[in-house]
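**Q** The chain contents come next:
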Amino acid sequence: MDDLLFRRNIYADPKTTDPEVIAAKKSDPAKQKFAQEIEQLDQHIFDALNVRVPEELSEKLILRQSLASHQQQKKSSRIKLALAASVAFAVGLTVNHLQFSHAYNSVGDYAIAHTNHEAHYFTNTTEAKVTLASLNKKMASFNGSFTAELGELMMADFCRFDGMKSLHLVFKGENSPVNIYIVPNNQHLAFMEEFSNNELNGVVKNFKGSQIIVVGDKQEPLKQWQTKINENVRWSI
Amino acid sequence: MATKQVRYEALVKALHSDLYRYAYWLCHEKQVAEDLVQETFLRAWRALDSLKDEKAAKSWLITILRRENARRFERKRFEMSEYEEATIIDTHSTSSEQEIENHWLREKIAQMPEEYREPLVLQVIGGFSGDEIASMLSLNKNTVMTRLFRARNQLKEALDNEPKLRGQYNG
Chain A
1 MDDLLFRRNI YADPKTTDPE VIAAKKSDPA KQKFAQEIEQ LDQHIFDALN
51 VRVPEELSEK LILRQSLASH QQQKKSSRIK LALAASVAFA VGLTVNHLQF
101 SHAYNSVGDY AIAHTNHEAH YFTNTTEAKV TLASLNKKMA SFNGSFTAEL
151 GELMMADFCR FDGMKSLHLV FKGENSPVNI YIVPNNQHLA FMEEFSNNEL
201 NGVVKNFKGS QIIVVGDKQE PLKQWQTKIN ENVRWSI
Chain B
1 MATKQVRYEA LVKALHSDLY RYAYWLCHEK QVAEDLVQET FLRAWRALDS
51 LKDEKAAKSW LITILRRENA RRFERKRFEM SEYEEATIID THSTSSEQEI
101 ENHWLREKIA QMPEEYREPL VLQVIGGFSG DEIASMLSLN KNTVMTRLFR
151 ARNQLKEALD NEPKLRGQYN G
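Respectively, the protein sequence lines represent chains A and B.
Under this note's numbering, the residues of the first sequence are numbered 1 to 237, in order.
Under this note's numbering, the residues of the second sequence are numbered 1 to 171, in order.
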């Protein structure tokens, strides 16, 4: 190995492990001396480069990291909370919508559906047991009363008429029970004076603050029922 | 989480000194070097899962730090001033001859072109081989070895030619 190449190698890396360079160093005292000089130089360079590291730099680094990751955690838990709240809110809206939205558009549709739904509870042979007094007690919440019995009353109870509190009366009819609903006036069910499907007929009359709906089978003289109601009902306001 | 924390702390303890020194020789300012190291370790923490081989940690961190340093120049171009003598580290005690020589040599190293200084710092402080330096700096190995040769050659010549200048620091 010539001197120039040897010097280049030593300058470039005094700690070289290149076997050729090491062999050259051993075989020539001048080269060895040069190599030692450069090693010494390198020690000086090392000392010079080794500037003082600020004390507690590592503590600072660890502290800063834990602060940063703490903040990140706080941020992410806030995001999670917000997400959970949004989901809960959406669920609430959906439930609310499903439960309280109005599936029927007109009084007639709903009255028929309601009647059919509860038809199996009543037969025309059920014994009449509701007195006028107890009927009027219930009618009081609609600010109304009846002056005389309309017929044989088998059942009188509050129920939900498409979400609205209403009074459901079941009378004995000619062939099958007659259902009368007293419902607060409302916006979302379209008013219709008469309605029917292939089994049931119905009539509706608007009173002050309330509607009275009568539903019965095709043979039932609903107009007579309506007239009787008209004559006997009294509204207190 | 706990193991990540442990890994991180081990990394900080083992490598922060080398990284700080490397940063210092990159920017010549103590405060900037410290900021660079902090920024580097914060990024390292976020990306710690991507570090598969602990042996590669040092070169990984140096790569992050170099990128941070480059970003610094993008952000604040005016800070890219030439090296100023006033910012060189003042040795805390100039009493010993060794310290005087260190101080003198530091100035020489600081005045060296960046392209020579950086491989030298990586070799002497970082302990990296020519191949490793080449891949870190995206250079070929011959270029790296040539620069290392020139760096030491310059310092040697400076030491040989200006022995009197060193004496001035005695006063």
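Hints are supplied without guarantee of correctness; some may be wrong.
Said to hold, decoys possible - Computed cross-link-like contacts, DSBU-like style, restricted to lysine-lysine with a CA-CA straight-line distance of at most 30 Å:
id, chain 1, residue 1, chain 2, residue 2
1, B, K55, A, K15
2, B, K141, A, K15
3, A, K75, B, K4
4, A, K80, A, K172
5, B, K108, B, K156
6, A, K75, A, K165
Claimed, not checked - DEER-style ranges, computed between Cβ atoms:
id, chain 1, residue 1, chain 2, residue 2, range
7, A, K26, B, N153, 43 to 51 Å
8, A, H70, B, E101, 30 to 38 Å
9, A, D3, B, E101, 48 to 56 Å
10, B, D49, A, A23, 20 to 28 Å
Worth flagging that the hints you see were computed from the coordinates, not collected in a lab.
Please read all numbers here as calculations on a predicted model, not as lab measurements.
Idealized CB from N, CA, C, for every residue including glycine.
**Q** Hint by hint, say whether it matches the structure.
**A** Now the hints, each set against the structure:
1. K55/B <-> K15/A: holds (21 Å)
2. K141/B <-> K15/A: Measuring from Cα to Cα gives roughly 16 Å; hence the hint holds.
3. K75/A <-> K4/B: Within the cut-off at roughly 19 Å; holds.
4. K80/A <-> K172/A: Violated, because 60 Å separates the two Cα atoms, which is more than 30 Å.
5. K108/B <-> K156/B: Measuring from Cα to Cα gives roughly 10 Å; hence the hint holds.
6. K75/A <-> K165/A: Status violated; Cα separation ~47 Å.
7. K26/A <-> N153/B: 43 to 51 Å: 23 Å Cβ-Cβ, so the 43 to 51 Å window is violated.
8. H70/A <-> E101/B: 30 to 38 Å: Since H70/A and E101/B have Cβ atoms about 46 Å apart, the given range 30 to 38 Å is violated.
9. D3/A <-> E101/B: 48 to 56 Å: violated (28 Å)
10. D49/B <-> A23/A: 20 to 28 Å: For A23/A against D49/B, whose Cβ atoms are near 46 Å apart, the range 20 to 28 Å is violated.
Comparing the model with each numbered hint stated earlier shows that hints 4, 6, 7, 8, 9 and 10 do not hold.
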